[in-house]
Amino acid sequence: MTCEEALILISGQLDERNTEEEAAQLRKHLEHCESCRNLMDAFIAVDAGILSLEEDAPDDLCANVMEAVRQELPGKKVRTRWAGLAVAAALILAVGVGGLGLQNGKDTAQPETAAYSLLADAAEDAAAPSLYAARSYSTAAVLLDPQALADEKGAPVAVVPELYYELETCELETLETGELLYVLPDADAAAQLCRDHEGQLYEPSQSGSYSVSYAVIMP
Amino acid sequence: MNDEKVLIQRILDGDHEAFAELVTAYEKPVYNLCLRMCGNAEDAKDLAQEAFLKAWRGLRFYKFEAAFSTWLYRLTSNVCIDFLRQQKRRPVASLTVQEDQEEVVELEVPDRAPLPEEQVLHQETQQVMARAMEQLEEEFRMILTLRVIQELSYEEIAEIMDLKIGTVKSRLARARNKLKKILLQSGNNLFTETSNLTERGMRHDL
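Taken in order, these protein sequences are the chains called A and B.
According to my numbering, the stretch in the first sequence is residues 190 to 408, in order.
According to my numbering, the stretch in the second sequence is residues 820 to 1025, in order.
Only chain B is shown next, with the shape it has when bound in the complex:
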């Protein structure tokens, strides 16, 4: 952590190229947050780039007493929310139509070589999950990504999303529950597959 602040100070002192180290350290979580929020690889890349550029421009306003990661994720989530608002303002009817068919752009497999069965199964699961995530409300998508993928603490999530800790806890429960419902409604086999992990069946009336 300390090293990171030294690095930031170095960038602020004029070592611009050192910013690449910060980008490398955070590109994966930032990209994944963008990816889950916007739902496709192309926009996610643009958004991640925009987030880093905003971080670069605003770096001198970063307060050293706070964690840089929290500051950056908050900034990234704002970039994503802004993007989603713009999307909504655009009158694209096709967006909703596509939802049932082929919206999962990032999951296209350009390589046509046959894949091992296990991998195919894995990809199917991913597609099902990605589609289900997209049907979730924005704040549910965000909180689940921050918690499950980025493994952030409730405290960090509270800071990023401007919530109380208690709200983080209950919202995560509601988000998981909603995602579970969407998955059940879509009639996928995720639960039968993964329930092997827990060696327990899944009752469909939950």
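Just chain A, with the same shape it has in the complex:
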């Protein structure tokens, strides 16, 4: 056995991962190789040194995590596209009602106020995600239209069947349909993801240059 081969077995010995045969070979080698015996001692010291670095987690780590978790619970959710659509719809309504008020000529202040409160209600409704959050996952999957999402986002959307390692570090948005939208680091990432994992790629109807792309998981 060469010292090079012994190196791996010495490390394996520390981890108790050598076969009996390997252990016997190593023993034999160590009998006549002083430098490998020293190496074994050095490795033991190295391991002890690494272990000495272990620390306790900061006292407030758990509390901080839970605080952040609570921020993400339904009810605290940021408004996404449906909210935007609802605001747009409310605006149209508001303009309509406002217009009516003008036609009436007399008291424009009254309908205007009504229009504003209508707008506020609509926006509030859209922002209340508990309705959506209450939906089961499979229902949500039916509701989401990936093509519409790609069009709305103006960027490619990959639909993949499960969470892959690549997605684990991506930023997330929660759609009102319940899905998590993964923001991928660049325009090609969605296509890459589809190639690697047999996903389906949806590109915006109007092609253009994209700076990001997205992924949605639909089992």
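Derived by calculation from the structure, the hints in this document are not laboratory data.
Even glycine gets a Cβ: it sits at the ideal position worked out from N, Cα and C.
It is possible that some hints are incorrect.
To be verified - The following label-pair restraints were derived from C-beta to C-beta distances:
| # | chain 1 | residue 1 | chain 2 | residue 2 | range |
| --- | --- | --- | --- | --- | --- |
| 1 | A | 249 | B | 972 | 55 to 65 Å |
| 2 | A | 191 | B | 984 | 15 to 25 Å |
| 3 | A | 223 | B | 1005 | 19 to 29 Å |
| 4 | A | 191 | B | 986 | 12 to 22 Å |
| 5 | B | 843 | A | 360 | 18 to 28 Å |
| 6 | B | 829 | A | 360 | 22 to 32 Å |
| 7 | B | 900 | A | 386 | 34 to 44 Å |
| 8 | B | 970 | A | 337 | 47 to 57 Å |
| 9 | B | 904 | A | 223 | 41 to 51 Å |
| 10 | A | 362 | B | 821 | 29 to 39 Å |
| 11 | A | 240 | B | 1004 | 13 to 23 Å |
| 12 | B | 1005 | A | 193 | 17 to 27 Å |
| 13 | B | 837 | A | 220 | 54 to 64 Å |
| 14 | A | 240 | B | 981 | 18 to 28 Å |
What the hints assert, rightly or not - Going by beta-carbon spacing under 7 Å, a handful of chain B positions derived as facing chain A:
| # | residue |
| --- | --- |
| 15 | 850 |
| 16 | 942 |
| 17 | 998 |
Claimed, not checked - Okay, the calculated bits of chain A under chain B, using three or more residues with CB under 8 Å as the criterion:
| # | region |
| --- | --- |
| 18 | 201–210 |
| 19 | 229–236 |
| 20 | 333–342 |
| 21 | 357–369 |
| 22 | 398–407 |
Knowing the structure of chain A, use the given hints to seat chain B on it.
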């Protein structure tokens, strides 16, 4: 293990506060992995927090047939690697300059009360070790932390780092060897101190 899966199911069923139990169970290993990967307490805390938050968001994608710990460590290691990549992209010349001087932020001792000699020695050893670890390549730092501090099996490490078992074995050997070389080059007294454990001297030409 079974209890843990019951707990996870409970969280998924809407008992959000139960997530705190998972955090408490894993905060130490997750924090230590982050600490060894990024090298300072402040970033390690942020990274550990981010890892748990990602775990929270992705919990419904966790597959119950796999060990939760492996899933979580893999996610944590991704968070760390991502952070280190961002660090590299930032044009900070001072980072490399600091390397020789005072990079070991987490080892600051704010308490100035005199310490027993033994403790001082221990802290010195820790500083030397921490500095040496930081000079190691990322994948060496990670594999040594997972194996020596977290005491994970080769199988778990293989799963977390996407390696074959055989590669885990050889990489651990290379990592230990590299760390030993760094320690020898830095001329520290770690080996003379700890060799008492084995009652054997250390030859410096290894």
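Going down the list of hints, with the structure as the test:
{"no.": "1", "hint": "A/249 / B/972: 55 to 65 Å", "verdict": "violated, 32 Å"}
{"no.": "2", "hint": "A/191 / B/984: 15 to 25 Å", "verdict": "holds, 22 Å"}
{"no.": "3", "hint": "A/223 / B/1005: 19 to 29 Å", "verdict": "holds, 24 Å"}
{"no.": "4", "hint": "A/191 / B/986: 12 to 22 Å", "verdict": "holds, 20 Å"}
{"no.": "5", "hint": "B/843 / A/360: 18 to 28 Å", "verdict": "holds, 26 Å"}
{"no.": "6", "hint": "B/829 / A/360: 22 to 32 Å", "verdict": "holds, 27 Å"}
{"no.": "7", "hint": "B/900 / A/386: 34 to 44 Å", "verdict": "violated, 20 Å"}
{"no.": "8", "hint": "B/970 / A/337: 47 to 57 Å", "verdict": "holds, 49 Å"}
{"no.": "9", "hint": "B/904 / A/223: 41 to 51 Å", "verdict": "holds, 43 Å"}
{"no.": "10", "hint": "A/362 / B/821: 29 to 39 Å", "verdict": "holds, 34 Å"}
{"no.": "11", "hint": "A/240 / B/1004: 13 to 23 Å", "verdict": "holds, 22 Å"}
{"no.": "12", "hint": "B/1005 / A/193: 17 to 27 Å", "verdict": "holds, 24 Å"}
{"no.": "13", "hint": "B/837 / A/220: 54 to 64 Å", "verdict": "holds, 56 Å"}
{"no.": "14", "hint": "A/240 / B/981: 18 to 28 Å", "verdict": "holds, 25 Å"}
{"no.": "15", "hint": "850", "verdict": "holds, 4 Å"}
{"no.": "16", "hint": "942", "verdict": "violated, 10 Å"}
{"no.": "17", "hint": "998", "verdict": "holds, 5 Å"}
{"no.": "18", "hint": "201–210", "verdict": "holds (count 4)"}
{"no.": "19", "hint": "229–236", "verdict": "holds (count 7)"}
{"no.": "20", "hint": "333–342", "verdict": "violated (count 0)"}
{"no.": "21", "hint": "357–369", "verdict": "holds (count 4)"}
{"no.": "22", "hint": "398–407", "verdict": "violated (count 1)"}
Of the numbered hints given earlier, the model fails hints 1, 7, 16, 20 and 22; all others are met.
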